[in-house]
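Protein chains in written order, with my numbering: chain A, 477 to 709; chain B, 22 to 116; chain C, 537 to 619.
Please note: incorrect hints may appear among the correct ones.
[Said to hold, decoys possible] Partial selection, computed: residues in chain C whose CB lies under 8 Å from chain A:
| id | residue |
| --- | --- |
| 1 | Gly542 |
| 2 | Pro543 |
| 3 | Thr575 |
| 4 | Ile582 |
| 5 | Met590 |
| 6 | Leu597 |
| 7 | Ile598 |
| 8 | Ser605 |
| 9 | Met607 |
| 10 | Val612 |
| 11 | Lys614 |
| 12 | Val616 |
[Stated by the list, open to error] Listed next, the in silico EDC-like pairs over lysine to aspartate or glutamate satisfying Cα-Cα at most 16 Å (straight line):
| id | chain 1 | residue 1 | chain 2 | residue 2 |
| --- | --- | --- | --- | --- |
| 13 | C | Lys559 | A | Asp625 |
| 14 | C | Lys614 | C | Asp560 |
| 15 | A | Lys559 | A | Asp485 |
| 16 | A | Lys649 | A | Asp673 |
| 17 | A | Lys504 | C | Asp558 |
| 18 | A | Lys504 | C | Asp588 |
| 19 | A | Lys559 | A | Asp483 |
| 20 | A | Lys559 | A | Asp673 |
[Unchecked claim] Between beta-carbon pairs, the in silico distance windows are:
| id | chain 1 | residue 1 | chain 2 | residue 2 | range |
| --- | --- | --- | --- | --- | --- |
| 21 | C | Gln611 | B | Tyr57 | 58 to 66 Å |
| 22 | B | His60 | C | Trp539 | 41 to 49 Å |
| 23 | C | Asn538 | A | Leu631 | 50 to 58 Å |
| 24 | C | Phe556 | A | Asp643 | 29 to 37 Å |
| 25 | B | Leu26 | A | Leu502 | 48 to 56 Å |
Hints are computed from structural coordinates only; laboratory data are not their basis. Even glycine gets a Cβ: it sits at the ideal position worked out from N, Cα and C.
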Amino acid sequence: MTNVMTDWDLAAITALLPIAAVMTVLQKNPYHALVVRGILGAIAALVYALLGAADVALTEALVGTMLAITLYAVAVRSSLVLKLGIIAPVDLPEISIENGSQNGQQNGETEDLVHPVSQPLEDMFNLIHSFEDPPELKPLLADLRVFCDRHSLRLELHPMPDRQALDYAMETKEVHGVALLNGDSAAHPYSVTVRVDRLYELMQTELNPAIATLDTTTVSLPENPLMSDTSSR
Amino acid sequence: MMDQLVNIVSNGCIGAGLVLWLWGTWPLVGPRSVLYKLHTLSMADTLGSVAIVVGLLLRIPSEWPLLVMALISLAIWNTILGYVLAYCSTEEPND
Amino acid sequence: MNWILGPMLLILLIPIYETFQDKDIWQKMLAFASVSTKTSIMILVISVLRDDWMIGLVGVLILSVGNASLMLLAQVLKRVNEL
Numbered sequence: 477m478t479n480v481m482t483d484w485d486l487a488a489i490t491a492l493l494p495i496a497a498v499m500t501v502l503q504k505n506p507y508h509a510l511v512v513r514g515i516l517g518a519i520a521a522l523v524y525a526l527l528g529a530a531d532v533a534l535t536e537a538l539v540g541t542m543l544a545i546t547l548y549a550v551a552v553r554s555s556l557v558l559k560l561g562i563i564a565p566v567d568l569p570e571i572s573i574e575n576g577s578q579n580g581q582q583n584g585e586t587e588d589l590v591h592p593v594s595q596p597l598e599d600m601f602n603l604i605h606s607f608e609d610p611p612e613l614k615p616l617l618a619d620l621r622v623f624c625d626r627h628s629l630r631l632e633l634h635p636m637p638d639r640q641a642l643d644y645a646m647e648t649k650e651v652h653g654v655a656l657l658n659g660d661s662a663a664h665p666y667s668v669t670v671r672v673d674r675l676y677e678l679m680q681t682e683l684n685p686a687i688a689t690l691d692t693t694t695v696s697l698p699e700n701p702l703m704s705d706t707s708s709r
Numbered sequence: 022m023m024d025q026l027v028n029i030v031s032n033g034c035i036g037a038g039l040v041l042w043l044w045g046t047w048p049l050v051g052p053r054s055v056l057y058k059l060h061t062l063s064m065a066d067t068l069g070s071v072a073i074v075v076g077l078l079l080r081i082p083s084e085w086p087l088l089v090m091a092l093i094s095l096a097i098w099n100t101i102l103g104y105v106l107a108y109c110s111t112e113e114p115n116d
Numbered sequence: 537m538n539w540i541l542g543p544m545l546l547i548l549l550i551p552i553y554e555t556f557q558d559k560d561i562w563q564k565m566l567a568f569a570s571v572s573t574k575t576s577i578m579i580l581v582i583s584v585l586r587d588d589w590m591i592g593l594v595g596v597l598i599l600s601v602g603n604a605s606l607m608l609l610a611q612v613l614k615r616v617n618e619l
């Protein structure tokens with residue numbers, strides 16, 4: 477191997493690696509950090525190849541960039557979510573079929589819903605993903621969306637038929653919190669209860685106190701591994 | 022004589038590739054839309070890369086299987102990637 | 537032919553700067569695509585400079601794998617934005 481590269485080239489290219497690493501660390505949004513991690517991986521592969529370690533470069537590209545980024549993207553997507561239980565005065569099959577016929581893409585999925593009772597889980601899934609904000613909750617949800625955007629959370633609404641179902645969802649850790657509509661006489665139009673301490677702390681400082689009263693509860697049931705979610709985040 | 026000619030052509034290819042790279046990458050910094058940037062990037066960037074690889078191929082013909090493979094994967098993958106990125110970045114949320 | 541790496545490095549800095557200053561995720565993805573192509577072409581150039589088959593092969597593999605990972609990431613990000 478002839479020494480064709482000047483030291484200056486070598487030093488300049490190697491200096492890219494710490495720059496990219498610092499950029500990765502400085503990203504606030506986890507998805508942005510993933511993209512910058514990809515850039516870091518590409519540069520790392522370049523530096524390794526430059527220094528003659530072809531095998532390390534290949535491993536960095538295959539495992540460090542491709543596999544790690546994909547796995548982390550899935551992990552971040554499934555863990556950074558705020559599941560909020562609400563009472564929605566609609567029954568399951570109707571809203572699913574309505575939405576399915578509105579946007580043609582989902583027709584294939586919603587055809588199964590003719591027998592809604594046989595597939596409650598599938599129903600719930602389609603309902604959550606095609607659910608429109610109930611108008612009476614709009615101000616609170618707007619506030620919550622700002623909150624979620626700020627912390628790169630996804631807001632997932634879980635509509636329930638009544639209060640009992642909400643409490644049950646809370647106990648089984650199916651949702652992270654519930655939002656309720658207070659009566660007209662109350663000082664605040666809404667009340668929000670969350671069972672995750674960190675969410676409570678964040679909401680206490682950042683949610684508009686004029687809109688909702690905030691409350692926290694602890695759920696001490698032994699966690700069902702099948703239902704386990706992101707509460708330990 | 023022939024060597025010199027090949028050298029000149031190869032250097033010309035690489036230089037043209039670098040100019041195309043710069044041309045395709047420079048708009049990234051501006052405030053243009055994603056699709057505009059994607060267009061310049063997939064056009065000028067890919068062509069620049071192809072020019073550079075052709076320049077290398079002229080210089081060292083003994084490595085032609087590698088470099089031809091690079092050319093093919095550049096042409097195919099970058100085209101598909103352009104489509105995928107355009108499709109993914111323009112889709113509006115349903116709700 | 538040593539002069540080629542300097543300009544390549546300078547051009548490589550443009551998308552890196554772009555990822556730093558732009559807040560839109562798709563613009564960052566574009567910069568990632570640009571960086572990934574450029575680094576693998578640089579690896580190819582280095583392999584030719586050193587007349588090293590192994591590095592060249594790795595460069596070609598990274599060229600195609602980097603693109604594949606970009607597409608995977610783009611699909612996942614699209615799903616995230618939909619919800």
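Here's how the hints hold up against the structure:
For the restraint placing glycine 542 (chain C) at the interface with chain A, the shortest Cβ-Cβ distance is roughly 7 Å, inside the 8 Å limit, so the hint holds. This hint is violated: proline 543 (chain C) has a C-beta 11 Å from the nearest C-beta of chain A, more than the 8 Å allowed. Look at threonine 575 (chain C): its Cβ gets to within about 4 Å of chain A, closer than 8 Å, so that hint holds up. About 6 Å separates the beta-carbon of isoleucine 582 (chain C) from the nearest beta-carbon of chain A, less than 8 Å, and the hint is met.
Of the supplied interface hints, the one on methionine 590 (chain C) holds, with its beta-carbon coming within about 5 Å of a beta-carbon of chain A, less than 8 Å. With a least beta-carbon distance of about 6 Å to chain A, the hint placing leucine 597 (chain C) at the interface is held under the 8 Å criterion. For isoleucine 598 (chain C), the suggested interface contact is upheld, since its CB lies about 4 Å from the closest CB of chain A, less than 8 Å. Below 8 Å, beta-carbon pairs count as interface contacts, and serine 605 (chain C) has one with chain A at about 4 Å; its hint therefore holds.
Nearest Cβ of chain A to the Cβ of methionine 607 (chain C): about 10 Å, over the 8 Å cut. The hint is violated. Of the supplied interface hints, the one on valine 612 (chain C) holds, with its beta-carbon coming within about 4 Å of a beta-carbon of chain A, less than 8 Å. The restraint placing lysine 614 (chain C) at the interface with chain A is violated, with a minimum CB-CB distance near 11 Å, outside the 8 Å limit. Residue-level restraint check for valine 616 (chain C) holds (minimum Cβ-Cβ distance to chain A is 5 Å; threshold 8 Å).
Proposed proximity of lysine 559 (chain C) and aspartate 625 (chain A) is supported: the alpha carbons are some 14 Å apart, at most 16 Å. For the given pair, lysine 614 (chain C) sits about 13 Å from aspartate 560 (chain C) by alpha-carbon distance, which is consistent with the 16 Å threshold. Between lysine 559 (chain A) and aspartate 485 (chain A) the alpha-carbon distance is near 51 Å, which puts this suggested pair outside the 16 Å criterion. Restraint check for lysine 649 (chain A) and aspartate 673 (chain A): the C-alpha separation of about 14 Å stays at or below 16 Å, so the hint holds.
Pair hint lysine 504 (chain A) plus aspartate 558 (chain C) holds up; C-alpha atoms about 13 Å apart against a cutoff of 16 Å. For the hint linking lysine 504 (chain A) to aspartate 588 (chain C), the alpha-carbon distance of about 40 Å lies beyond 16 Å, and the restraint is violated. Taking the CA atoms of lysine 559 (chain A) and aspartate 483 (chain A), the gap is about 55 Å. The hint is violated against a cut of 16 Å. For a cut-off of 16 Å, the pair hint linking lysine 559 (chain A) to aspartate 673 (chain A) stands: about 14 Å separates their Cα positions.
For glutamine 611 (chain C) paired with tyrosine 57 (chain B), a C-beta distance near 22 Å fails the hint of 58 to 66 Å. Under the hint 41 to 49 Å, the C-beta atoms of histidine 60 (chain B) and tryptophan 539 (chain C), about 30 Å apart, miss the expected range. Range check, asparagine 538 (chain C) to leucine 631 (chain A): Cβ separation about 55 Å, and the 50 to 58 Å hint holds. Taken as a hint, the range 29 to 37 Å is violated for the pair phenylalanine 556 (chain C) and aspartate 643 (chain A), whose Cβ atoms sit roughly 48 Å apart.
For leucine 26 (chain B) and leucine 502 (chain A), the Cβ-Cβ distance of about 50 Å falls inside the hinted range of 48 to 56 Å, so the restraint holds.
When held up to the earlier numbered hints, the structure conflicts with 2, 9, 11, 15, 18, 19, 21, 22, 24 and fits the remainder.
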